[in-house]
Amino acid sequence: KQEVTQIPAALSVPEGENLVLNCSFTDSAIYNLQWFRQDPGKGLTSLLLIQSSQREQTSGRLNASLDKSSGRSTLYIAASQPGDSATYLCAVGRAGNNRKLIWGLGTSLAVNP
Amino acid sequence: NAGVTQTPKFQVLKTGQSMTLQCAQDMNHEYMSWYRQDPGMGLRLIHYSVGAGITDQGEVPNGYNVSRSTTEDFPLRLLSAAPSQTSVYFCASSYRGQGATYNSPLHFGNGTRLTVT
Numbered sequence: 359k360q361e362v363t364q365i366p367a368a369l370s371v372p373e374g375e376n377l378v379l380n381c382s383f384t385d386s387a388i389y390n391l392q393w394f395r396q397d398p399g400k401g402l403t404s405l406l407l408i409q410s411s412q413r414e415q416t417s418g419r420l421n422a423s424l425d426k427s428s429g430r431s432t433l434y435i436a437a438s439q440p441g442d443s444a445t446y447l448c449a450v451g452r453a454g455n456n457r458k459l460i461w462g463l464g465t466s467l468a469v470n471p
Numbered sequence: 000n001a002g003v004t005q006t007p008k009f010q011v012l013k014t015g016q017s018m019t020l021q022c023a024q025d026m027n028h029e030y031m032s033w034y035r036q037d038p039g040m041g042l043r044l045i046h047y048s049v050g051a052g053i054t055d056q057g058e059v060p061n062g063y064n065v066s067r068s069t070t071e072d073f074p075l076r077l078l079s080a081a082p083s084q085t086s087v088y089f090c091a092s093s094y095r096g097q098g099a100t101y102n103s104p105l106h107f108g109n110g111t112r113l114t115v116t
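First to last, the protein sequences are chains W and V.
All you need for my numbering is the position in the first sequence, starting with 1, plus 358.
For the second sequence, position 85 (counting from the first letter as 1) is numbered 84 according to my numbering, and the numbering increases by one without interruption.
Just so you know, not all the hints are guaranteed correct.
[Stated by the list, open to error] Stretch-level coverage of chain W by chain V, calculated; a stretch enters the list once three of its residues show a Cβ under 8 Å from a Cβ in chain V:
{"#": "1", "stretch": "396 to 406"}
{"#": "2", "stretch": "461 to 468"}
[Said to hold, decoys possible] Here are the computed lysine-lysine pairs in the DSS-like style, where the Cα-Cα straight-line distance is at most 27 Å:
{"#": "3", "chain 1": "W", "residue 1": "Lys400", "chain 2": "W", "residue 2": "Lys458"}
{"#": "4", "chain 1": "W", "residue 1": "Lys458", "chain 2": "W", "residue 2": "Lys359"}
{"#": "5", "chain 1": "V", "residue 1": "Lys8", "chain 2": "W", "residue 2": "Lys400"}
{"#": "6", "chain 1": "V", "residue 1": "Lys13", "chain 2": "W", "residue 2": "Lys400"}
{"#": "7", "chain 1": "W", "residue 1": "Lys458", "chain 2": "W", "residue 2": "Lys426"}
{"#": "8", "chain 1": "W", "residue 1": "Lys426", "chain 2": "W", "residue 2": "Lys359"}
{"#": "9", "chain 1": "W", "residue 1": "Lys458", "chain 2": "V", "residue 2": "Lys8"}
[Unchecked claim] Selected chain V positions facing chain W (in silico; Cβ < 7 Å):
{"#": "10", "residue": "Phe89"}
{"#": "11", "residue": "Pro104"}
{"#": "12", "residue": "Asn109"}
Source of the hints: derived by calculation from the structure; they are not laboratory data.
Just so it is clear, the structure is predicted and the values come from calculations on it, not from any experiment.
Backbone N, C-alpha and C fix where the C-beta goes; we use that ideal spot for every residue, glycine too.
Generate coordinates for the entire structure from the input sequences, incorporating the hints supplied.
Structure below.
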């Protein structure tokens with residue numbers, strides 16, 4: 359059974375730091391992995407989608423990597439800003455099942471001015 | 000372009016009442032889905048649809064019904080509300096289904112916060 363874990367559950371950093379958020383999954387048979395951002399009281403916003411054949415994706419200050427063999431993905435945020443404060447969730451799409459994503463519980467990030 | 004629109008934003012029901020949560024998207028997405036989000040349990044899929052006239056169950060379908068008569072709309076009906084259905088409900092859509100050859104990101108609405116007393 360696929361399980362997705364995000365550690366740490368919460369993270370607080372000073373503005374300007376580069377930081378890494380982690381996402382681990384137990385079954386390497388995935389077809390994609392998505393990173394989302396959720397602001398309080400809001401829905402989720404898709405940040406990056408990595409297909410199973412890819413190793414990384416970049417968008418602005420964000421870089422997401424995927425290592426299926428080790429069951430890990432990381433989301434790298436460069437030069438963090440207070441506006442990056444949010445909860446970041448990862449979701450794994452399972453190979454062989456084209457309907458469901460398996461979600462982590464998220465990392466709550468606070469970037470302090 | 001409004002994206003995914005959910006109404007209402009907040010709702011309080013008494014046990015046993017029924018109601019419909021509305022979801023509409025204007026992106027011509029084939030795939031639509033409903034999730035509930037509960038503290039410590041993450042997002043759980045309730046129902047989904049891969050096109051008009053086609054719906055299927057997710058992980059936690061009991062107590063909920065859906066229909067998809069148009070591409071744009073995907074309402075979620077609570078048949079007889081129970082306190083266990085207190086949650087935040089999200090509608091999400093994507094261009095294609097969440098499948099191996101359909102790697103398109105999910106777009107979420109802003110959610111409906113439902114309290115059942």
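Structure-based check of all given hints:
1. 396 to 406: holds (count 6)
2. 461 to 468: Our answer is that it holds, as 4 residues pass the Cβ test (under 8 Å) against chain V, meeting three.
3. W:Lys400 <-> W:Lys458: Holds, at about 22 Å.
4. W:Lys458 <-> W:Lys359: holds (13 Å)
5. V:Lys8 <-> W:Lys400: With Cα atoms ~10 Å apart, Lys8 of chain V and Lys400 of chain W stay inside 27 Å; holds.
6. V:Lys13 <-> W:Lys400: Since the Cα atoms of Lys13 of chain V and Lys400 of chain W sit roughly 25 Å apart, the hinted pair holds (cutoff 27 Å).
7. W:Lys458 <-> W:Lys426: Answer holds: Lys458 of chain W to Lys426 of chain W is near 18 Å, not above 27 Å.
8. W:Lys426 <-> W:Lys359: holds (16 Å)
9. W:Lys458 <-> V:Lys8: The given pair, whose Cα atoms are some 25 Å apart, holds under the 27 Å limit.
10. Phe89: Because about 6 Å separates Phe89 of chain V from the closest Cβ in chain W, which is inside the 7 Å limit, the hint holds.
11. Pro104: holds (4 Å)
12. Asn109: holds (5 Å)
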